[in-house]
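A.B. asks: Line order of the protein sequences matches chains A, B and C.
Just so we're aligned, residue 59 is where the first sequence starts under our numbering, counting upward by one.
Just so we're aligned, residue 59 is where the second sequence starts under our numbering, counting upward by one.
Just so we're aligned, residue 59 is where the third sequence starts under our numbering, counting upward by one.
Treat the hints with care, as some may be off.
Stated by the list, open to error - Distance condition first, Cα-Cα at most 25 Å in a straight line; then the derived DSS-like pairs of lysine-lysine:
no., chain 1, residue 1, chain 2, residue 2
1, C, 275, B, 234
2, C, 226, C, 121
3, B, 137, A, 137
4, B, 92, B, 169
5, C, 169, A, 92
6, C, 226, A, 137
7, A, 234, A, 169
8, B, 226, A, 226
9, C, 275, A, 137
10, A, 275, B, 92
11, C, 137, B, 137
12, A, 92, A, 137
13, A, 275, A, 226
14, C, 92, B, 226
15, B, 275, C, 137
16, B, 92, B, 137
17, A, 234, B, 226
18, A, 92, C, 275
19, B, 275, C, 275
20, C, 169, A, 169
21, B, 121, B, 92
22, A, 275, B, 169
To be verified - If you want the ones that stay clear, here's a sample from chain C, every Cβ over 12 Å from chain A, calculated:
no., residue
23, 203
24, 222
25, 252
26, 276
27, 278
Simulated from the structure, these hints should not be mistaken for laboratory data.
Glycine included, every Cβ here is placed at the ideal spot set by N, Cα and C.
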Amino acid sequence: MSTSYLPEFVGNSVLDTIGLVIPGIDSTLREQMKLPSHISSLGILSSRTGAAGQICAIDEAIKNTSTEIISIDLPRDTKGWGGHGNYIVVGGRDVSDCRRAIEIALELTRKHAGEVYISSAGHLEFAYSASASYALNMAFGTPVGKSFGFMAGSPAAIGLVMADNALKASSVELVKYMTPSVGTSHSNEIIICFCGDAEACKTAVLRGREVGLELLKTMSDDEPQGPSTPYLKSVFEHLLR
Amino acid sequence: MSTSYLPEFVGNSVLDTIGLVIPGIDSTLREQMKLPSHISSLGILSSRTGAAGQICAIDEAIKNTSTEIISIDLPRDTKGWGGHGNYIVVGGRDVSDCRRAIEIALELTRKHAGEVYISSAGHLEFAYSASASYALNMAFGTPVGKSFGFMAGSPAAIGLVMADNALKASSVELVKYMTPSVGTSHSNEIIICFCGDAEACKTAVLRGREVGLELLKTMSDDEPQGPSTPYLKSVFEHLLR
Amino acid sequence: MSTSYLPEFVGNSVLDTIGLVIPGIDSTLREQMKLPSHISSLGILSSRTGAAGQICAIDEAIKNTSTEIISIDLPRDTKGWGGHGNYIVVGGRDVSDCRRAIEIALELTRKHAGEVYISSAGHLEFAYSASASYALNMAFGTPVGKSFGFMAGSPAAIGLVMADNALKASSVELVKYMTPSVGTSHSNEIIICFCGDAEACKTAVLRGREVGLELLKTMSDDEPQGPSTPYLKSVFEHLLR
C-alpha cells in the first residue's frame, strides 16, 4: 500500500474500502449526479464488501458533520462472495466537512466490519443503530430517530431462517425485506431491516446472529470470521440470560 | 463442518447447498412472501452454485411429497464464476412433508451436480428430466409432463454454439432462451431450455455437452469438472453410435 | 489448453476470451436473436473480464471486414472482481467474413488488455479509439467517426474521482455516465465515455489513468497489472510535458 498525495485522498479501511473527497465537482458530472445546487463538495466512500455496516458508518458521519447524504448504491460484489459492496456519496458546502465525514466513516467502517462473518461457504452481515438518521432512511426506508436493525444471510436460505427467528424472538417492525430478485442487486441473500425500541432491535439482531452463525458453520470446516472484532459481543453477553 | 441441532436444519450437499425448513413461518414474513393461506410450513434449498440441477431436484421432490413450489430465485453467484446460484422455497401443510421434500432435493442435488463442469476459465451446466413438473414449469415455462432439457455455457459465446448445435441435432421445441441481458441475473451465459420427446431431448443435451466441453477445454489447461459423477454418461454411451 | 477441430472454433485470447463463428444459425435461434434477414452467419467474441477493450477490438474488426454489429451484452463477471465481462455478436453474409472479424478482434483484445489493471483490491479499465465505429456507438452511444475515450474504476469511488479529474483536464464531451445502479450490470464501477478531438480524448484518458492508478495502489500491496503491455504508454510519454 502506498499513500497518495492527491488532494482527493482521505484514507483506506478494511473490506477494501477507500474514502475520497471532491472539492468542486465538474459541472457535467454535477448534472449527471443530479446534485442539489447548494452542494459544491462531495465525500465518497466505497468498498468491495459490506453494505449495512458502511451505511451505518456514513449515517453517524452525517449526524456529526455539516454534510448530507446524496446517494447510496449497492453493487453486486463481495469479491466473489454472494453479497454487495457499496458506493456512497455525501455532500456539503465545504470540502473540509466532507473530508471529516469520510474520516469518521472510515473509522466506523472498521468497527462495523466486526459484524461481517465470511467463511468459504457464505457470509453473514449484521448492523444495529440506536438512532437511525438519513443515510439508513435513504437506503432502507427506516424511520429517522428510531432504533434500527439489519441482518443478511448467504446462501439466501440461511437469511430466511435468521429472519424468521429474529422476528419471532422480538416485537420489532419490519421495514424492508430483500431477496435475490427484489431489492438486492441479485445477491444470494435474504435481508431484513427493522425498527422498534432499542431492546427489541438488539434482541432480534442477536437472535438472527446466533442462528445464522450456527447454520453457516454446518457448510464448511472454516470458522466464519471478519476483518475486525465483533462489536455486538458485549451487548450479546449482557442480553443472554 | 459442524452439525446443527436447530429444528430448522435438514442437511447440506455439494455446490455449497443447504437445506432448511420453517415450521409455521412468522406472519410478517408470510405476508412479504405472499404465501397462499393453506401453506403453513416451508422447505428451503439454496446453493452458491447451480441452477437447473437443483430445480430438477426440487421438481422430483415435490412430485414425491405433499408439497408445492412457492418461489425460485436465481441470484448472480457461482462463487466468482459466471453463473447463478439458487434459492428455492417449497410449501406444505406439514413440516414433516417439507423436511422430506428437502431431504430428497439434497440427495438429488448431488446427482445433478454431476452435470456441472467448472474449469478455471468457465463453466457448463446440463440437466434432463423425463417428465417436468411444477418447479421446472415455474422456472422456465416448460410444459408439465413433457421431457425437458437444459444447457448453460459460460463464457456466453460457448453457450450460443452449444445451443445452435443442440437445436440442429434434434427436433426439440425451444421453451426459453436466456442471455446476459434477458432472463438471467446478468450472468455470463447463454442458456436454452427445451421440451419434446425423451429421445430428442437427450440427443440435444448430449450434443450440447459434447460441443461445450470441447470448447471450454480450449480455454485453460485444467479439465472442466464438477463435484460428483456425470449422470448422463450411461445415456451418452448408449446414444452414440 | 487443447485446440478444437470444431468448425465453429476460431481461437482464444487473454482475459478468458474465446472467439467462435456460426455458419448458418439455427432458425429458432435466429428468431430469438432478432437477426436481420440478410445475416446468415455469425461471429461471436466473449470474455470473462473486460468490456471497452473488446468492444474497441470488435469496432476495428467490423471496419475491416464485411460484417456488422448485432448485439453487445455486458454480463456482471470479471471472475470475482467488481466489473463486467462481455458477449459480442457480429453478423455477415459469409462465414469467412465473420471468421476474419473474430480473428482480428482476438488479436486486438490482446492489445487492448494492456489497459486493464487488476490488483487484489480492485480494477481499472481504459480505452481509446481515434475513430469510433458502430460497435462503440451501439454500446455507449458515442458518435461514429469521432475520437472516443473510456474509463472505468473499481471500487466505484475511484471511478468518480478519475472521471472528475479527466473532465476537468480536458474539454471532451461526456457521452455516457454509468454507476452501479444505472447503465451497468450492478458492477462496482463508475464509468464514463466521452468523445471530442483526438488530443482532448487522449488527455482525458491519460489523466484518469494517472489518478486511478495512484488511488488503486493505496488499497493493496500488489501492483495493479493486466495480461499484456499498456498500449497508451507511448502516447502517455509524448503528451506529458
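A.B. asks: Now tell me, hint by hint, if it's right for this structure.
C.D. replies: Verification of the hints:
| no. | hint | verdict |
| --- | --- | --- |
| 1 | 275/C to 234/B | violated, 44 Å |
| 2 | 226/C to 121/C | violated, 32 Å |
| 3 | 137/B to 137/A | holds, 9 Å |
| 4 | 92/B to 169/B | violated, 32 Å |
| 5 | 169/C to 92/A | violated, 37 Å |
| 6 | 226/C to 137/A | violated, 32 Å |
| 7 | 234/A to 169/A | holds, 24 Å |
| 8 | 226/B to 226/A | violated, 54 Å |
| 9 | 275/C to 137/A | holds, 17 Å |
| 10 | 275/A to 92/B | violated, 30 Å |
| 11 | 137/C to 137/B | holds, 9 Å |
| 12 | 92/A to 137/A | violated, 30 Å |
| 13 | 275/A to 226/A | holds, 22 Å |
| 14 | 92/C to 226/B | holds, 18 Å |
| 15 | 275/B to 137/C | holds, 17 Å |
| 16 | 92/B to 137/B | violated, 30 Å |
| 17 | 234/A to 226/B | violated, 47 Å |
| 18 | 92/A to 275/C | violated, 30 Å |
| 19 | 275/B to 275/C | violated, 35 Å |
| 20 | 169/C to 169/A | violated, 43 Å |
| 21 | 121/B to 92/B | holds, 23 Å |
| 22 | 275/A to 169/B | holds, 24 Å |
| 23 | 203 | holds, 22 Å |
| 24 | 222 | violated, 5 Å |
| 25 | 252 | violated, 9 Å |
| 26 | 276 | violated, 5 Å |
| 27 | 278 | violated, 6 Å |
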